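These are the residues of each chain, in order.
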Amino acid sequence: MYDTNLIIGGKEFTSQLIVGTGKYSTLPIMRDAHEASGAEIVTIAVRRVSLPGTGESILDYIDTKRYTLLPNTAGCYTADEAIRTCYLAREAGLGELVKLEVIGDQRTLFPDVMGLLEATKTLAREGFTVMPYTNDDPVMAKKLQDAGAACVMPLGAPIGSGLGIRNPYNIKIILETVTVPVIVDAGVGTASDAAIAMELGCDGVLMNTAIAGAQDAVSMARAMKLAVEAGRLAYKSGRIGKKLYATASSPLEGLPDWTS
Amino acid sequence: MSVTITVNGKTMDVEPGLTVDGLLTLLKVKREYTAVAVNREVTPRSDYATAKLSEGDKVEIVRPMGGGAS
Numbered sequence: 000m001y002d003t004n005l006i007i008g009g010k011e012f013t014s015q016l017i018v019g020t021g022k023y024s025t026l027p028i029m030r031d032a033h034e035a036s037g038a039e040i041v042t043i044a045v046r047r048v049s050l051p052g053t054g055e056s057i058l059d060y061i062d063t064k065r066y067t068l069l070p071n072t073a074g075c076y077t078a079d080e081a082i083r084t085c086y087l088a089r090e091a092g093l094g095e096l097v098k099l100e101v102i103g104d105q106r107t108l109f110p111d112v113m114g115l116l117e118a119t120k121t122l123a124r125e126g127f128t129v130m131p132y133t134n135d136d137p138v139m140a141k142k143l144q145d146a147g148a149a150c151v152m153p154l155g156a157p158i159g160s161g162l163g164i165r166n167p168y169n170i171k172i173i174l175e176t177v178t179v180p181v182i183v184d185a186g187v188g189t190a191s192d193a194a195i196a197m198e199l200g201c202d203g204v205l206m207n208t209a210i211a212g213a214q215d216a217v218s219m220a221r222a223m224k225l226a227v228e229a230g231r232l233a234y235k236s237g238r239i240g241k242k243l244y245a246t247a248s249s250p251l252e253g254l255p256d257w258t259s
Numbered sequence: 000m001s002v003t004i005t006v007n008g009k010t011m012d013v014e015p016g017l018t019v020d021g022l023l024t025l026l027k028v029k030r031e032y033t034a035v036a037v038n039r040e041v042t043p044r045s046d047y048a049t050a051k052l053s054e055g056d057k058v059e060i061v062r063p064m065g066g067g068a069s
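Protein chains in written order, with numbering that gives the first Met the number 0: chain A, 0 to 259; chain B, 0 to 69.
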């Protein structure tokens with residue numbers, strides 16, 4: 000686990016919040032939300048260009064000198080599709096850092112872990128820095144680490160569901176099981192969810208819908224920035240334990256005597 | 000004489016011997032952060048000027064688009 004900065008594939012990032020570029024109501028709002036979030040990495044999808052290629056592009060609203068573009072393999076349901084998408088992303092000049100998704104089910108968008116593991120092995124062997132979107136199973140997390148993943152990204156809840164961290168206990172076990180960074184990816188709904196992930200000891204949080212879908216995306220982006228920082232700081236500060244009964248905070252001696 | 004290929008899911012007729020580079024120029028595609036696959040195989044950028052398209056080729060031209068996850 001890393002102290003303050005997020006270290007992925009040999010690169011160090013100060014911000015522990017990674018954001019997406021999808022579902023924003025407008026591209027200028029996306030740009031402003033990115034700014035407010037303090038994120039240094041933004042995820043993008045690799046999709047067909049609409050032809051002719053003269054239209055507006057999200058790239059017109061992302062300063063690529065400032066942000067690291069992280070291509071994802073969203074929409075891929077097989078290892079083969081995901082691997083080919085990564086090859087395309089690499090050839091497009093997007094580098095070898097990839098957010099790997101191999102989806103198993105259309106309704107939950109939960110990962111197909113068998114395909115995910117296969118794709119991770121292949122891509123890691125070929126020099127990609129693989130960031131796999133996975134489930135909250137510590138056994139799976141360890142397998143992904145052993146397969147060469149640069150980090151593991153367990154989901155908090157289904158993508159876009161806003162349900163928060165559904166199984167913090169498993170995330171905690173994952174943190175104790177692997178040595179690579181653990182980044183909660185998917186399901187965050189509001190600021191406290193992000194703070195909870197960081198308080199557990201996670202190295203980062205990745206979110207898209209929580210910001211893009213908020214009524215005020217720019218304001219929510221700022222809230223998330225603060226939440227990730229607060230959660231990390233709280234984790235490092237060593238919280239008090241949880242007790243069933245009270246322990247008075249004020250001394251018992253020195254109480255005035257009010258009896259007549 | 001023309002050659003029919005499929006580009007991003009739509010068929011189109013092009014001149015025989017058109018290269019990938021030529022196709023990108025024809026369709027006014029920006030080159031930065033763009034990648035091309037022909038018949039499921041990624042075409043290296045260094046081959047754009049020499050890779051000629053043939054009848055029935057399925058071409059995918061991709062670029063970053065908005066997305067977070069699936």
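Misleading hints may appear alongside valid ones.
[Said to hold, decoys possible] Cross-link-like lysine-lysine pairs, in silico, DSS-like; alpha carbons within 25 Å at most:
id: 1; chain 1: A; residue 1: 171; chain 2: A; residue 2: 242
id: 2; chain 1: A; residue 1: 141; chain 2: A; residue 2: 120
id: 3; chain 1: A; residue 1: 64; chain 2: B; residue 2: 29
id: 4; chain 1: A; residue 1: 22; chain 2: B; residue 2: 29
Think of the hints as simulated: they come from the structure by calculation, not from any bench.
Just so it is clear, the structure is predicted and the values come from calculations on it, not from any experiment.
Outcome of the hint check:
Only pairs whose Cα atoms come within 25 Å are accepted, and residue 171/A paired with residue 242/A is accepted, the gap being roughly 19 Å. For the hint linking residue 141/A to residue 120/A, the alpha-carbon distance of about 13 Å falls within 25 Å, and the restraint holds. With a C-alpha separation of about 18 Å, the suggested pair residue 64/A and residue 29/B falls inside the 25 Å cut-off, and the hint holds. Simply put, residue 22/A and residue 29/B have alpha-carbon atoms about 23 Å apart, close enough for the 25 Å limit, and the pair holds.
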